[in-house]
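**Student:** Sequence:
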Amino acid sequence: MEIIYTLIVAIALIVLLRGGRYFLNLTTRNKQYHVYVLRAFPWVEVIIWFSFIFWTISLHFGHTGIYPVLSGSAAVAFVLLFGWFVLRDFFAGAVVRASQELEPGMFIQTDTLSGAIISLGYLNMELRAGDGEKLIVPYSRISGKQITKMAKHGRGKNQSIKLEIQQKHGAQNIQQSLKRKVLELPWVIAGEEIKISLIPVDNCYVAEIFFQSMKEDMLPSTEEILRDFVSQKFS
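If you're matching positions, the sequence shown starts at 817 in the numbering used here and goes up one per residue.
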């Protein structure tokens, strides 16, 4: 009978946790704390499952002499699991930050990822990849790997690009949209001033974009990305 109770509770937990994850994802999707909910819920699941393990041990072995050994082993396993997931990134982060002299705005590259550093936390760093996507990278993922620093903040190459855009889209809208798109590019130094001048020619603007890039050879890619953006945004 105790085995049946255990199976029923296990199945109920699986259903409730999956349903809870789906419900929280829907209710917090457009909220500022959505990302924190997604990060915290897996730990809630771990705690619930370890509580279930302790309950199962107590139910089946609570009146036997082996119970203290089993419960103690489960507690040690929980502590080791927590330490493995959290402390490994904490110590790996300390080593990486101390040895690599990383700072926000710097473009880095490893054998598996690349991007511009947005922020450096205690457990992970945030990068902006080449397609504009924000990446959260645990330090344990890059610890011990060769990290290539492409350029430091304020040491970029001055570059400019000219594009034609129809005037009907409005000068302010054009400038704001182009600036946001340029800032999404990981090799563009976000701390440096980005200038966008619009010169009227017939019914179009000739938009000249001035910015600083961490990599001089990225100009062709930057121009291609911006031309694709303009053709889609201001068609």
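A hint or two may mislead.
Said to hold, decoys possible - Okay, derived cross-link-like pairs now, PhoX-like style, lysine-lysine, Cα gap no bigger than 20 Å in a straight line:
1) K950 / K984
2) K950 / K973
3) K997 / K1049
4) K978 / K961
5) K995 / K984
6) K973 / K984
7) K973 / K997
8) K965 / K978
9) K950 / K1011
10) K984 / K1049
11) K995 / K961
12) K978 / K1011
Hint data in this document are derived by calculation from the structure and do not stem from the laboratory. This structure is a prediction, so every number in the text was calculated from the model and none was measured.
**Student:** Does each hint hold? Answer for all of them.
**Tutor:** Hints, one by one, checked against the model:
no., hint, in the structure
1, K950 / K984, "violated (32 Å)"
2, K950 / K973, "violated (24 Å)"
3, K997 / K1049, "holds (11 Å)"
4, K978 / K961, "violated (39 Å)"
5, K995 / K984, "holds (18 Å)"
6, K973 / K984, "violated (33 Å)"
7, K973 / K997, "holds (18 Å)"
8, K965 / K978, "violated (29 Å)"
9, K950 / K1011, "violated (24 Å)"
10, K984 / K1049, "holds (12 Å)"
11, K995 / K961, "violated (34 Å)"
12, K978 / K1011, "holds (12 Å)"
Checked against the numbered hints listed earlier, the structure breaks hints 1, 2, 4, 6, 8, 9 and 11; every other hint is satisfied.
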